[in-house]
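Colleague: Sequence:
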Amino acid sequence: MLRRFFSERDDPEPFYDELARRALDRFPVPVDGLRIADVACGTGQFTAALEERGARCVAIDLDRADIGAAAARGLGAAWADARWLPLGDASVDGVVCSNLLEHTPDPGSALAEIARVLKPGGWAWVSWTLWWSPWGGHAIAPFHLLGPRLGASVRARLLGPPTGKNLPFERLWPTHAGSVLRLTGQVDELVLTDCYPRYWPSQRWLMSVPLLREVAGWNAVLLLNKTRHGRPGTPGRPER
Numbered sequence: 529m530l531r532r533f534f535s536e537r538d539d540p541e542p543f544y545d546e547l548a549r550r551a552l553d554r555f556p557v558p559v560d561g562l563r564i565a566d567v568a569c570g571t572g573q574f575t576a577a578l579e580e581r582g583a584r585c586v587a588i589d590l591d592r593a594d595i596g597a598a599a600a601r602g603l604g605a606a607w608a609d610a611r612w613l614p615l616g617d618a619s620v621d622g623v624v625c626s627n628l629l630e631h632t633p634d635p636g637s638a639l640a641e642i643a644r645v646l647k648p649g650g651w652a653w654v655s656w657t658l659w660w661s662p663w664g665g666h667a668i669a670p671f672h673l674l675g676p677r678l679g680a681s682v683r684a685r686l687l688g689p690p691t692g693k694n695l696p697f698e699r700l701w702p703t704h705a706g707s708v709l710r711l712t713g714q715v716d717e718l719v720l721t722d723c724y725p726r727y728w729p730s731q732r733w734l735m736s737v738p739l740l741r742e743v744a745g746w747n748a749v750l751l752l753n754k755t756r757h758g759r760p761g762t763p764g765r766p767e768r
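For the sequence shown, the numbering used here assigns the number 529 to the initial residue and increments by one for each residue that follows.
Check the hints yourself; a few may be wrong.
[To be verified] Restraint-style ranges between C-beta atoms, simulated for each label pair: (1) ARG756 to GLY602: 34 to 40 angstroms; (2) ALA600 to VAL737: 20 to 26 angstroms; (3) ALA600 to LEU686: 35 to 41 angstroms; (4) LEU674 to PRO648: 41 to 47 angstroms; (5) TRP663 to ARG592: 23 to 29 angstroms.
Because the hints were derived from the structure by calculation, they are not lab data.
Model, not experiment: these values are computed from the prediction.
All C-beta atoms in this analysis are idealised placements derived from N, C-alpha and C, irrespective of residue type, glycine included.
Input sequences plus hints: build the corresponding full structure.
Modeller: Next up, the structure:
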C-alpha cells in the first residue's frame with residue numbers, strides 16, 4: 529500500500545482499488561443484498577468492490593470525468609452534488625462516503641443529506657483526509673502546513689503553480705477532526721458509533737487526543753447509524 533501510495537499522483541487506480549477492498553474486508557456490517565449509496569464515488573472503486581460483495585449500489589459524484597471513468601468500468605453512476613442527493617427520503621440501507629468531506633465547502637450539509645436518505649436503522653461509513661496530516665493539502669502538500677493560502681503561495685514560488693484539481697478553496701477545504709465531529713453531533717438523527725484512523729484502525733485511541741489526531745490520524749473514518757425513531761429529513765437542511 530505504501531508503494532502504491534507514492535505512485536498515486538501518476539497512477540491512482542491501483543492504490544484506490546486496493547484501499548476500497550481493504551476497507552470492505554474489515555467492514556462493520558455485511559453488505560450482501562443491501563441498497564447502498566456510494567457518495568463521491570470517484571471512478572467507482574468502492575462501487576465495484578461493494579457490488580462484488582452482493583450490494584446494489586447507487587453511485588454519485590460531482591466530477592463528470594470521474595463519472596465517465598466509472599461508466600467505462602461498466603458501473604452506473606449519476607452526476608450530483610453531495611449536498612443535494614438525487615435520492616428519496618429513507619431510500620437506502622447504507623451510505624459509503626470515501627474522502628468527500630474535505631472536497632465540499634459545506635460538510636454539514638453533506639452529513640445532513642446522508643441522514644435524510646438513510647432508512648431508520650441504516651448506517652454510514654464516512655472518511656476524509658485531515659488537513660494537518662501529511663497529505664492534507666493534496667496538490668500543495670507539504671506546504672499546506674503553512675496554511676492554505678500561504679502554503680499555496682510558497683509552493684508556487686518554489687516549485688511553480690500546483691497542478692491537479694484539488695487546489696485550496698477550489699476543490700479542497702481545510703477539514704479537521706474536531707469540526708467534523710461537532711458537525712456530526714448537530715445532525716439529530718445520526719449517532720456516532722466509532723471513529724478511527726483509516727490506515728491504522730487498531731490505533732483508535734489517536735482520535736480521542738485533540739491535537740495529535742489532526743496530524744497522526746491522517747485519514748479518519750466515522751461510523752454512523754440513523755436512529756430508528758428519527759424523522760426522514762434533518763432540520764436546517766438547505767433548500768434545493
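Colleague: Against this structure, judge whether each hint is valid.
Modeller: To see whether the hints hold, each was checked on the structure:
1. ARG756 to GLY602: 34 to 40 angstroms: This hint holds: roughly 36 angstroms between Cβ atoms.
2. ALA600 to VAL737: 20 to 26 angstroms: Violated, since ALA600 and VAL737 (Cβ atoms, about 43 angstroms apart) do not stay within the stated range.
3. ALA600 to LEU686: 35 to 41 angstroms: Holds: the Cβ-Cβ distance is about 37 angstroms, inside 35 to 41 angstroms.
4. LEU674 to PRO648: 41 to 47 angstroms: For PRO648 against LEU674, whose Cβ atoms are near 45 angstroms apart, the range 41 to 47 angstroms holds.
5. TRP663 to ARG592: 23 to 29 angstroms: 25 angstroms, holds
Taken one by one, the earlier hints fail for this structure only at number 2.
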